[in-house]
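Asker: Residue numbers (the numbering used here), protein chains in the order written: chain A, 1 to 147; chain B, 1 to 504.
Derived by calculation from the structure, the hints in this document are not laboratory data. Any given hint could be a false lead.
Stated by the list, open to error - These stretches of chain A come out as covered by chain B in the derived footprint (C-beta under 8 Å, 3 or more residues):
id: 1; region: 11-24
id: 2; region: 42-48
id: 3; region: 100-109
What the hints assert, rightly or not - Keeping only pairs whose Cα atoms sit at most 20 Å apart, straight-line, the calculated SDA-like set for lysine to any residue is:
id: 4; chain 1: B; residue 1: Lys430; chain 2: A; residue 2: Ala70
id: 5; chain 1: B; residue 1: Lys167; chain 2: B; residue 2: Pro486
id: 6; chain 1: B; residue 1: Lys167; chain 2: B; residue 2: Ala484
id: 7; chain 1: B; residue 1: Lys430; chain 2: B; residue 2: Lys139
id: 8; chain 1: B; residue 1: Lys430; chain 2: B; residue 2: Gly420
id: 9; chain 1: B; residue 1: Lys430; chain 2: A; residue 2: Leu144
id: 10; chain 1: B; residue 1: Lys227; chain 2: A; residue 2: Arg71
id: 11; chain 1: A; residue 1: Lys56; chain 2: B; residue 2: Pro486
id: 12; chain 1: A; residue 1: Lys56; chain 2: B; residue 2: Leu55
id: 13; chain 1: B; residue 1: Lys227; chain 2: A; residue 2: Ala8
id: 14; chain 1: B; residue 1: Lys167; chain 2: A; residue 2: Leu51
id: 15; chain 1: A; residue 1: Lys56; chain 2: B; residue 2: Pro168
id: 16; chain 1: B; residue 1: Lys139; chain 2: B; residue 2: Ser469
id: 17; chain 1: B; residue 1: Lys167; chain 2: A; residue 2: Cys55
id: 18; chain 1: B; residue 1: Lys430; chain 2: A; residue 2: Val3
id: 19; chain 1: B; residue 1: Lys167; chain 2: A; residue 2: Arg71
id: 20; chain 1: B; residue 1: Lys227; chain 2: A; residue 2: Val135
id: 21; chain 1: B; residue 1: Lys293; chain 2: B; residue 2: Lys227
id: 22; chain 1: B; residue 1: Lys167; chain 2: A; residue 2: Leu54
id: 23; chain 1: B; residue 1: Lys167; chain 2: B; residue 2: Leu431
id: 24; chain 1: B; residue 1: Lys285; chain 2: B; residue 2: Trp253
id: 25; chain 1: B; residue 1: Lys430; chain 2: A; residue 2: Arg110
id: 26; chain 1: B; residue 1: Lys430; chain 2: A; residue 2: Val77
The C-beta atom is built at its ideal place from N, Cα and C for all residues, glycine as well.
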Amino acid sequence: MYVRVFAAAWLLVCAGLSLVAWGFEAPFAYDPVGPRAYPLLLLFLMACGSLWLLCKPHGEPTPPFDWPMARRAALCVLAILAYALLFEPLGFVITTALATFALGLLFNGRVLPSLISAVLMGVLLYVLFDLLLDVPLPLGVLRLLES
Amino acid sequence: METLNFLMQGFDVATRPTNLLVALFGAFVGTVVGLLPGLGPINGVALLLPLAFALGLPPETALILLAAVYLGCEYGGRISAILLNVPGDAAAVMTTLDGYPLARQGKAGIALSLSAVSSFIGSMIATCGVVLFAPLLAKWAVAFGPAEYFVLMIFAIACLGGMVGDKPVKTLMAALIGLGLATVGVDSTTGVYRFTFGSVNLSDGIQFVVIVIGFFSVSEVLLMLEKTHSGQKAVKASGRLLFNFKEFCLTFWTMVRSSVAGFIIGTLPGAGATIASAMTYMSEKRMAGESGKFGDGDLRGVAAPEAANNASACGSLIPMLTLGVPGSGTTAVMIGALTLYNITPGPLLFEQQPDVVWGLIASLFIGNVILLVMNIPLVGLFSRMLSVPNWILVPAITAISLVGVYSVHSTTFDLVLMVGLGVFGYLLRKLEFPLSSLILGFVLGEMMEDNLRRALSISAGDLGILWGSPITLALWAMAALMLAMPSLRWWRQRRRGKLNEAHA
Numbered sequence: 001m002y003v004r005v006f007a008a009a010w011l012l013v014c015a016g017l018s019l020v021a022w023g024f025e026a027p028f029a030y031d032p033v034g035p036r037a038y039p040l041l042l043l044f045l046m047a048c049g050s051l052w053l054l055c056k057p058h059g060e061p062t063p064p065f066d067w068p069m070a071r072r073a074a075l076c077v078l079a080i081l082a083y084a085l086l087f088e089p090l091g092f093v094i095t096t097a098l099a100t101f102a103l104g105l106l107f108n109g110r111v112l113p114s115l116i117s118a119v120l121m122g123v124l125l126y127v128l129f130d131l132l133l134d135v136p137l138p139l140g141v142l143r144l145l146e147s
Numbered sequence: 001m002e003t004l005n006f007l008m009q010g011f012d013v014a015t016r017p018t019n020l021l022v023a024l025f026g027a028f029v030g031t032v033v034g035l036l037p038g039l040g041p042i043n044g045v046a047l048l049l050p051l052a053f054a055l056g057l058p059p060e061t062a063l064i065l066l067a068a069v070y071l072g073c074e075y076g077g078r079i080s081a082i083l084l085n086v087p088g089d090a091a092a093v094m095t096t097l098d099g100y101p102l103a104r105q106g107k108a109g110i111a112l113s114l115s116a117v118s119s120f121i122g123s124m125i126a127t128c129g130v131v132l133f134a135p136l137l138a139k140w141a142v143a144f145g146p147a148e149y150f151v152l153m154i155f156a157i158a159c160l161g162g163m164v165g166d167k168p169v170k171t172l173m174a175a176l177i178g179l180g181l182a183t184v185g186v187d188s189t190t191g192v193y194r195f196t197f198g199s200v201n202l203s204d205g206i207q208f209v210v211i212v213i214g215f216f217s218v219s220e221v222l223l224m225l226e227k228t229h230s231g232q233k234a235v236k237a238s239g240r241l242l243f244n245f246k247e248f249c250l251t252f253w254t255m256v257r258s259s260v261a262g263f264i265i266g267t268l269p270g271a272g273a274t275i276a277s278a279m280t281y282m283s284e285k286r287m288a289g290e291s292g293k294f295g296d297g298d299l300r301g302v303a304a305p306e307a308a309n310n311a312s313a314c315g316s317l318i319p320m321l322t323l324g325v326p327g328s329g330t331t332a333v334m335i336g337a338l339t340l341y342n343i344t345p346g347p348l349l350f351e352q353q354p355d356v357v358w359g360l361i362a363s364l365f366i367g368n369v370i371l372l373v374m375n376i377p378l379v380g381l382f383s384r385m386l387s388v389p390n391w392i393l394v395p396a397i398t399a400i401s402l403v404g405v406y407s408v409h410s411t412t413f414d415l416v417l418m419v420g421l422g423v424f425g426y427l428l429r430k431l432e433f434p435l436s437s438l439i440l441g442f443v444l445g446e447m448m449e450d451n452l453r454r455a456l457s458i459s460a461g462d463l464g465i466l467w468g469s470p471i472t473l474a475l476w477a478m479a480a481l482m483l484a485m486p487s488l489r490w491w492r493q494r495r496r497g498k499l500n501e502a503h504a
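Please work from the sequences and hints to get the whole structure.
Answerer: Below you can see the structure in the form of structure tokens.
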């Protein structure tokens with residue numbers, strides 16, 4: 001069932017992207033194929049696959065939708081998304097501590113141990129990557145402390 | 001003779017102190033990643049790839065690191081399989097069947113040491129195979145033109161459809177999605193922007209690291225939410241820690257047979273370690289017949305899949321090094337790593353970058369010895385890592401993933417894109433689309449389009465060039481055969497079912 005929903009959605013995506021791809025035209029013909037044919041071919045094949053998945057009879061019954069699981073997954077995505085968005089403005093140390101704390105709680109960690117491991121991770125990973133391994137990471141707000 | 005000289009040159013490269021250190025580090029990290037349930041070689045390689053790049057390691061060192069991680073994962077997967085009954089990576093599923101019963105019988109030490117040796121023998125035989133066959137294939141592959149390459153990639157994708165899992169349509173769809181993602185960005189022939197939706201950040205395409213980490217690390221984190229098997233007790237490795245001579249003799253030929261079979265399966269583009277271990281386990285079980293205790297703790301049942309999965313891991317380097325076509329999801333990531341260094345894998349690699357190729361091959365020998373030495377005495381240490389709780393492990397994986405993505409371009413855009421792709425990958429995995437074929441598609445994508453268009457430019461638009469030479473015809477036939485495999489299997493099963501009904 002879920003596969004069919006996905007296949008239907010994907011079919012729509014293919015249709016939309018085909019419209020976009022139709023507009024790819026090169027000012028001169030550099031090669032006989034041009035930039036349009038290959039993506040259109042891929043989209044056509046994908047659409048065929050989606051149709052197959054949509055129409056093929058599925059024997060197994062649909063398992064009920066797992067709402068608590070979906071809620072946790074959504075929370076987890078939100079935490080990682082916030083992590084990604086705040087990574088530069090707030091800096092690595094602070095966002096890492098916050099995000100790893102949130103994720104720790106989400107994965108059934110107890111509050112105090114998660115907090116300790118989160119702060120340690122923020123600081124230690126910064127030292128490891130930025131100072132020891134020379135991978136530049138944003139300092140963010142902590143830059144104020146530097147000057 | 002020539003090969004031997006090159007191999008010695010390779011050992012020169014591989015025994016440089018930094019490279020040895022990197023191999024040691026990679027072997028250790030690989031074993032740890034491999035034994036953690038859920039994290040497989042692709043995750044390990046994906047996490048270390050941006051790091052290797054950001055550290056400014058030279059290409060041969062980076063490749064040695066990734067290869068050591070790859071091999072280490074194949075070693076590590078067996079530890080959790082035997083002690084926890086949870087496969088550390090997909091290829092170790094077969095090892096649980098006999099490994100866990102053995103551990104329950106108090107023979108965990110024997111199973112662990114014997115499987116380490118079979119992993120070692122598997123990798124060694126396969127690495128010798130690489131030394132013998134890779135240069136030959138590379139010489140032969142120079143004759144490949146763009147049309148041949150295009151059809152070869154079709155064959156690789158057909159292999160995926162025919163061999164990975166039992167859902168060929170989903171596998172092919174996943175590969176197509178990968179191919180489609182590769183078209184994002186500026187078209188290299190005409191300079192037309194495709195699917196960038198006006199974003200500057202997408203103009204040179206989706207970054208490889210973003211794809212790999214999004215699809216494998218982020219989606220893995222989300223999947224791990226469901227697996228809360230923490231608190232499961234590992235069986236203590238007690239009793240005899242080393243196998244005896246008799247047990248070694250019993251399993252020796254199993255190891256050799258499985259290694260050869262695993263190597264051959266590994267060299268097929270697309271078919272990887274999972275298939276190799278399943279096939280060898282089944283055939284050993286059939287060969288042992290009544291005398292075996294397969295399923296209740298037969299040592300051969302541990303030796304066969306372990307030898308095979310390591311052998312196929314090494315074997316899958318052959319298509320990668322000689323043709324530039326990955327033999328497995330993990331080698332697809334390694335090809336991506338090479339392209340980050342502006343090195344195009346393919347037949348010319350052997351002539352243009354002998355240091356990279358032979359250094360890598362020599363480092364396989366060295367890495368193997370390191371892993372064997374590391375794995376037998378340190379197995380207690382590794383098994384203790386199984387008790388790291390998820391609430392420490394998962395945040396750490398997330399943080400390292402973000403660092404990895406950020407280190408490539410230092411933009412928030414890539415981070416957000418990574419999260420988006422991670423969610424998409426999570427949905428795909430929930431719907432049972434195999435993501436390893438998506439990665440393969442992404443890596444092949446650009447090459448495939450370039451070769452198709454180059455071929456058609458040569459022929460001035462005549463499609464006939466795609467089946468004009470004997471090589472292309474043979475490849476088309478092989479691809480068709482691969483695509484027919486699932487229906488053939490299905491037909492045979494149905495017939496057997498009918499026969500059984502008739503007998504009953």
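Asker: Taking the hints in turn, state whether each one holds.
Answerer: Right, here's what the structure says about each hint:
Check result for the region 11-24 of chain A against chain B: holds, 4 residues qualifying (beta carbon to beta carbon below 8 Å, three or more required). Here's how the region 42-48 of chain A fares: 4 of its residues keep a CB closer than 8 Å to some CB of chain B, so the rule of at least three is met and the hint holds. Only residues whose C-beta sits within less than 8 Å of a C-beta in chain B count toward coverage, and the region 100-109 of chain A has 9 of them, enough to reach three; the restraint holds. Note on Lys430/B and Ala70/A: the hinted pairing holds, with a Cα-Cα distance of about 12 Å set against a maximum of 20 Å.
Only pairs whose Cα atoms come within 20 Å are accepted, and Lys167/B paired with Pro486/B is accepted, the gap being roughly 8 Å. Distance check on the hinted pair: Lys167/B and Ala484/B sit about 13 Å apart at the alpha-carbon level, within 20 Å; holds. At most 20 Å may separate the alpha-carbon atoms for a hinted pair to count; Lys430/B and Lys139/B exceed this at roughly 43 Å. Restraint check: the Cα-Cα separation between Lys430/B and Gly420/B comes to about 16 Å, which is no more than 20 Å; the hinted pair holds.
Pair hint Lys430/B plus Leu144/A does not hold up; C-alpha atoms about 44 Å apart against a cutoff of 20 Å. For a cut-off of 20 Å, the pair hint linking Lys227/B to Arg71/A stands: about 15 Å separates their Cα positions. Note on Lys56/A and Pro486/B: the hinted pairing holds, with a Cα-Cα distance of about 16 Å set against a maximum of 20 Å. For the hint linking Lys56/A to Leu55/B, the alpha-carbon distance of about 49 Å lies beyond 20 Å, and the restraint is violated.
With a C-alpha separation of about 29 Å, the suggested pair Lys227/B and Ala8/A falls outside the 20 Å cut-off, and the hint is violated. With a C-alpha separation of about 15 Å, the suggested pairing of Lys167/B with Leu51/A holds against the 20 Å cut-off. With a C-alpha separation of about 13 Å, the suggested pairing of Lys56/A with Pro168/B holds against the 20 Å cut-off. A threshold of 20 Å between alpha carbons decides the hint, and for Lys139/B with Ser469/B the separation of about 18 Å falls inside it, so the pair holds.
With a C-alpha separation of about 15 Å, the suggested pairing of Lys167/B with Cys55/A holds against the 20 Å cut-off. Distance hint between Lys430/B and Val3/A is fulfilled; the C-alpha atoms sit about 9 Å from each other, no more than 20 Å. Taking the CA atoms of Lys167/B and Arg71/A, the gap is near 29 Å; set against the 20 Å cutoff, the hint is violated. Only pairs whose Cα atoms come within 20 Å are accepted, and Lys227/B paired with Val135/A is rejected, the gap being roughly 32 Å.
Restraint check for Lys293/B and Lys227/B: the C-alpha separation of about 31 Å exceeds 20 Å, so the hint is violated. For the given pair, Lys167/B sits about 14 Å from Leu54/A by alpha-carbon distance, which is consistent with the 20 Å threshold. Restraint check for Lys167/B and Leu431/B: the C-alpha separation of about 11 Å stays at or below 20 Å, so the hint holds. As the CA atoms of Lys285/B and Trp253/B are separated by approximately 13 Å, the hinted pair is consistent with the 20 Å bound.
Among the hinted pairs, Lys430/B with Arg110/A is inconsistent with the structure: their alpha-carbon atoms are about 28 Å apart, more than 20 Å. With a CA separation close to 15 Å, the supplied pair Lys430/B and Val77/A stays within the 20 Å bound.
Violated hints, listed in ascending order, are 7, 9, 12, 13, 19, 20, 21 and 25; each of the other numbered hints is respected by the structure.
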